[in-house]
Amino acid sequence: MKSGTTFAACAALIRRDLTLIWRRRGDALNPILFALIVVALFPLALGPEPENLRRIAAGVVFVAILLAGLLALDTLFRGDYEDGSLEQLVLSPHPLSLLLACKIAVHWLTTALPLIAVAPLLGELLHQSEAVRWVLPTALLLATPLLSLIGAVCVALTVGMQRSGMLLALLVLPLYVPVLIFGAGACNAAQIGLPYAAPLLWLGAALVLALVLAPLACAAALRISLS
Amino acid sequence: MPTNELHERPALLEARGLAFARNDEPIFGPLDFALHAGEVVLIEGDNGTGKSTLLRVLSGLLEPTSGEIRLNGEPLTLARLSPQVALLSHQTGLKVELTALENLRFAAGLGGQRAGMSPPTALAGVGLDGYADVPVRQLSAGQKKRVALARVLLAPVGLWLLDEPYANLDLDGIHLVNRLLEQHASRGGAALITSHGAYAYTSGTPRRIPLKADRP
Amino acid sequence: MNSLTLWFHKIGSPRTFYRIAGAVAPWCYGAALALGAVGLYGGLVLAPTDYQQGDAYRIIFIHVPCAWMGLFAYIFMAANAFIALVWRIKLSEILSMASAPVGAAFTFITLVTGSLWGKPMWGTWWTWDARLTSELVLLFLYLGVIGLYHAIEDRRQAARAAGFLALIGIVNLPIVHFSVNWWNTLHQGSTVRLLGPSKIDAAMLWPLLTMALATHLYFFGSLLLRTRIGLLELDGGKDWARSIALGESHERAGARTHG
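Chains as they are written, first to last, in this note's numbering: chain A, 1 to 227; chain B, 1 to 216; chain C, 1 to 259.
I should point out that these hints are in silico values taken from the structure, not numbers from a laboratory. One or more hints might be untrue.
Said to hold, decoys possible - Simulated coverage check for chain C against chain A, where a stretch passes if three residues somewhere in it have a Cβ under 8 Å from a Cβ of chain A:
hint: 1; stretch: 134–147
hint: 2; stretch: 155–162
hint: 3; stretch: 175–183
What the hints assert, rightly or not - If you want a taste of the chain A side facing chain C, the calculated C-beta under 7 Å gives, among others:
hint: 4; residue: 178
hint: 5; residue: 181
hint: 6; residue: 185
All values reported here derive from a predicted model rather than from experimental measurement. The beta carbon of each residue, even a glycine, is placed where N, CA and C say it ideally should be.
Assemble the whole structure, with the sequences as input and the hints as a guide.
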């Protein structure tokens with residue numbers, strides 16, 4: 001009798017989750033469409049003057065991507081909870097936090113990374129200024145993993161609930177405030193010609209901390225919700 | 001005497017004063033029992049007596065309200081679950097988008113596999129040779145149950161906790177479960193199974209642990 | 001078992017706590033009422049008028065103690081949640097969850113009084129001032145904890161999940177405060193503060209501290225009564241809770257026949 005290595009377990013989990021997403025690849029477009037629609041609503045509501053839109057471009061794109069990520073969070077554990085494979089994950093002899101980190105990583109790769117890829121396009125729709133063209137994707141690259149990690153802990157707390165959508169938003173959004181402030185703040189600072197390295201570095205520092213702590217917190221939260 | 005030798009080693013599973021309550025309402029217990037290698041034990045009880053809950057507590061998914069669980073003589077804690085237990089619960093834990101073989105490969109990757117057993121041989125062992133590449137979505141309820149049993153069969157563990165293993169199975173399937181249980185017991189494993197109503201384990205008379213609803 | 005845990009078990013036994021809380025709570029309320037009256041008289045009548053803000057500043061005698069309590073209740077809630085999660089003490093679960101609505105109410109009052117003060121000072125009901133924004137986030141953190149607590153069926157599981165959220169919130173709170181301050185300097189927000197770092201007159205300080213003491217006492221009085229109810233709810237099936245329910249209905253029946 002031999003149980004596999006932890007590395008093999010993580011690899012199997014990543015391969016399975018990627019396969020599942022590939023089999024349902026139509027769904028992967030939904031967050032992008034959502035962000036696109038949200039961004040398109042702003043010119044309709046505020047009028048098409050480029051100067052107006054340019055001023056708010058980075059903030060609107062940031063919020064649109066944050067909300068799209070929030071909607072996508074729901075799928076993180078729902079399927080696994082409903083068919084019982086979450087319970088098999090908890091019962092496996094490997095550290096649960098590591099397995100959850102793999103799940104979060106796959107989720108980020110398949111929901112947030114495409115959003116970052118279309119962020120420049122969303123920015124152009126709002127006539128973003130030259131100055132934020134590179135700062136916005138960089139800020140998103142640092143901020144979205146943080147959002148996924150923080151979000152995963154809250155999803156783990158609501159995992160057994162039937163209609164958790166609004167509640168999840170209530171739990172997650174206050175925790176997202178600092179990430180939003182530093183992420184969008186870096187873009188705004190760049191736009192008005194101020195130095196923007198500090199908020200990006202703060203985001204990086206927070207990301208390192210979250211990478212270590214959030215999977216552990218997520219595992220603890222999941223054990224509470226499954227009991 | 002082999003039996004003496006068996007009983008001198010610590011029991012595969014031992015429960016001492018084990019009880020579980022939800023919202024301070026007792027679900028079951030306190031229970032005391034031991035499960036030794038080579039035993040198949042049936043947990044008897046009507047609906048709502050906490051059979052499934054007992055299995056979830058024994059697997060380590062739920063923490064008992066009081067009492068303790070020992071696996072091979074070592075206490076079970078939430079922080080360090082034993083790699084010695086396989087649980088089959090109501091939800092099969094299978095992904096319907098994946099094929100039967102893909103599901104088993106994932107299970108092997110996650111929990112390892114028994115020596116001399118591989119995902120294809122486990123599938124053959126539950127009589128699903130030809131179904132390796134069929135998505136689980138297209139299988140019948142009985143066939144899904146067989147795939148879930150193949151996962152248990154594949155797991156490199158000594159203790160099986162099977163919740164209603166006979167549900168959804170035809171006569172052939174029931175014989176299959178019995179055969180698997182006999183094999184598992186004969187190679188030094190043990191199993192705890194729940195069943196309400198008709199019980200179909202045919203080889204010998206297994207030990208029974210009755211669960212009663214003790215709510216007033 | 002060391003002496004600390006032994007003490008916890010003694011005080012933490014639902015029956016003992018129920019009795020002590022019932023005896024202490026009215027005193028808390030009474031003292032809170034008396035100190036509150038003294039503090040308000042001192043603040044609204046005796047304290048001198050501010051040379052810069054006129055009489056409008058007098059709202060600090062409600063605003064500031066409530067802001068302190070909003071934060072204090074959150075720390076109290078998180079500390080109890082920590083005890084509940086680590087040592088599995090039922091009483092701490094209930095204490096933690098009982099302090100959430102009280103703390104949320106204090107935070108809400110802080111926001112309302114802050115915006116009432118903002119109207120004469122800033123000419124607007126709401127300004128994205130760093131402190132008000134932090135308070136708003138604090139209120140949402142409270143609402144998240146309360147929402148999660150009420151969304152889960154099993155009371156003890158609900159308390160542990162919501163307590164866990166409270167712990168995440170307390171880690172987040174300083175980060176929120178820091179980020180909001182940074183954001184505020186970036187956007188050059190208003191610099192007039194309700195209670196700046198400036199020196200405060202002794203005639204203003206003593207009513208403020210008296211009010212702070214009054215709000216603390218009110219918080220503990222309310223907390224004790226809420227915890228009593230929580231204990232009865234959770235232990236409804238136990239003998240001690242039954243005997244109390246029966247005893248109190250006897251007393252009431254007795255009072256009715258006498259009257």
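Status of the hints after comparison with the structure:
1. 134–147: holds (count 6)
2. 155–162: The restraint on the stretch 155–162 of chain C holds, since 3 of its residues have a Cβ under 8 Å from chain A and three suffice.
3. 175–183: With 7 residues in contact (Cβ-Cβ under 8 Å with chain A), the coverage given for the stretch 175–183 of chain C holds.
4. 178: Result: holds, 4 Å to nearest chain C Cβ.
5. 181: Given a least distance of 4 Å, the restraint on residue 181 of chain A holds.
6. 185: holds (6 Å)
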